[in-house]
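Protein sequences, first through last, are from chains A and B.
Oh and the first sequence: position 362 is 362 in the numbering used here, straight run, nothing missing.
Heads up, the numbering used here is the position in the second sequence plus 1000, with the first residue counted as 1.
No lab work stands behind these hints, which were simulated from the structure alone.
It is possible that some hints are incorrect.
Unchecked claim - Taking lysine-lysine pairs in the DSS-like style, the calculated list, with each CA pair at most 30 Å apart, reads:
# : chain 1 : residue 1 : chain 2 : residue 2
1 : A       : 140       : A       : 59
2 : A       : 193       : A       : 140
3 : A       : 140       : A       : 18
4 : A       : 282       : A       : 295
5 : B       : 1095      : A       : 59
6 : A       : 359       : A       : 18
7 : A       : 19        : B       : 1010
8 : B       : 1010      : A       : 18
9 : A       : 76        : A       : 224
Keep in mind that this is a model prediction, so the values were computed, not measured.
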Amino acid sequence: MDERLQLGGEGYSPGLLKKIEYAGGNARSFEVGAQTLERLAECSISARHVERLTERLGKERATVRDVACAAMQVGKLRSAYKQPPAVAVVMLDAGKAQFRQEDAGPGVHGPRWGDTKVACLQTYTDVGYDKDPQPEPPEKFLDPKRVERLCREMERVRGPGGEKQAEDKSLKPATSQKPQRQEKQKKKHRRRKRPERLVRTVVATTAKVEEFGWMVSAEAMQRKMYAAKKRAVVGDGGNWIEPLGQMHFPGWLQILDFLHLLVHLYAAARLAFAKSPRAAWKLYEQMLRNAWGGKVQAVIDALREQAKRLRGNSSAGDSCRVVELALAYVERNRERMDYPRYRRMGLPASSAPVESLIKQINHRVKGSEQFWNSGGLEAVLQVRAAYLSQDGRAEEFHERRPRGPAVGRNRAGLHQPTS
Amino acid sequence: MPRITAKELKARRQDFLEEAGMAFDRMLGSDGQNGLVTFEQREDRACELGDALTRRLLEEHLAADDATDPGEEVDCPICGRPVPCESPEEVELEKRQVQTRRGAVEFERAARRCIPCRRVFFPLG
């Protein structure tokens, strides 16, 4: 009868179970989730119980995902859609969470930071241009305050912690355009037809890169993204992203996230001219404009010149290292920096959507007092990812989730999901 | 054979209408107000009565389900051995409580007893 009723062995109706899962996977903590349920759903349930149920459902979601991965590995995974999307983009990035030692009893033992890996699979409307629709960099990349803030924000999201730095008030926006002209340009930009974001789905895990690669490719396959007319992988240039892209997405355009490039160029320029903010800004602006225009060699030349100059200065050890790192970063990713071409094709040059996802996932899993067992975090990531996906998978899962038989009275405590 | 006859259904409908009538009386009393003054008092009472009727409806619906006592052979979820049902008409019914969005409901369903495991379980049916 349970099968017909689509009732699990948890003692909660499917409608209530969805609410419990939503609260456990999306509230700041299980405690807040339980309080939210009490206040909003008038359902009294302990935080521990919310945790157990959320983790159970998250593990079931992970099992479904792993079945798809296994099918992908043997070439038997089929798409759930008839029509491929016109434009398919996979954006990859990693976040951080705090782990605790497994099976070490109550309390936090052996705390450490670990990685979470996130993929944003986004489809867009197909918009192509005859010429570069935006040859000039956006104003925000030429405004010292906004650039400073952007760099700090990126560091805060990605790193374990984050400290506020004083803003450099000696710099003003470098733009010489008059306000009227700026307004006119803004209107022009508003009129331009831009690629529209359609459906986003999310893959998140604590697994290693190899497994993550299969998860993302299985998700792309299910969404028929391999058959899209335009396909791209956007990443921040991390050393694991390129091999993953080459292995699982051969033939797709590989794009370096422009924002990460900006952060590297800004850091290099600042340290190249640590005592002269104006000279630093001038160098940054020159490199940024060249990068935006796809003149990668000019960026490399500028960084080489600064590295050479700093190498001759014995007191500039750290600065020289940062400039050399930026140089190596640009050289390593030069094939992924043809930004005018990406803009003409209507492809994104930024991985902002996945950065935003990392923030949303961090909101649930990254906190000063949050220390996870890897199994618990993996389960919660599945729930969070499902609710951040826009294809209705969060709810659909409940309609076809495997249910186990309830064992009554002198309960055996066994719950084996049926396949 | 349907679990509930037309006659029983009619009787249950009558019972339900009586309970709905009592809910109406608890809301409006004999003077149309029943001492409820603020909006919150009225809302709380209406929700409480509405929830009770919702639970009752759900319980009635579950009770009238044919699948409450399936007779087919099922395997024990613990040892995996088949647990036959020799006389479906005498199948053991167990009460189960489920928390819903409107509170707890109870319904009966077929239970099987695995003798070697000494466990009662509920077939998925």
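Now the hints, each set against the structure:
no. : hint          : result
1   : A:140 x A:59  : violated, 42 Å
2   : A:193 x A:140 : holds, 20 Å
3   : A:140 x A:18  : violated, 42 Å
4   : A:282 x A:295 : holds, 17 Å
5   : B:1095 x A:59 : holds, 29 Å
6   : A:359 x A:18  : holds, 24 Å
7   : A:19 x B:1010 : violated, 35 Å
8   : B:1010 x A:18 : violated, 35 Å
9   : A:76 x A:224  : holds, 14 Å
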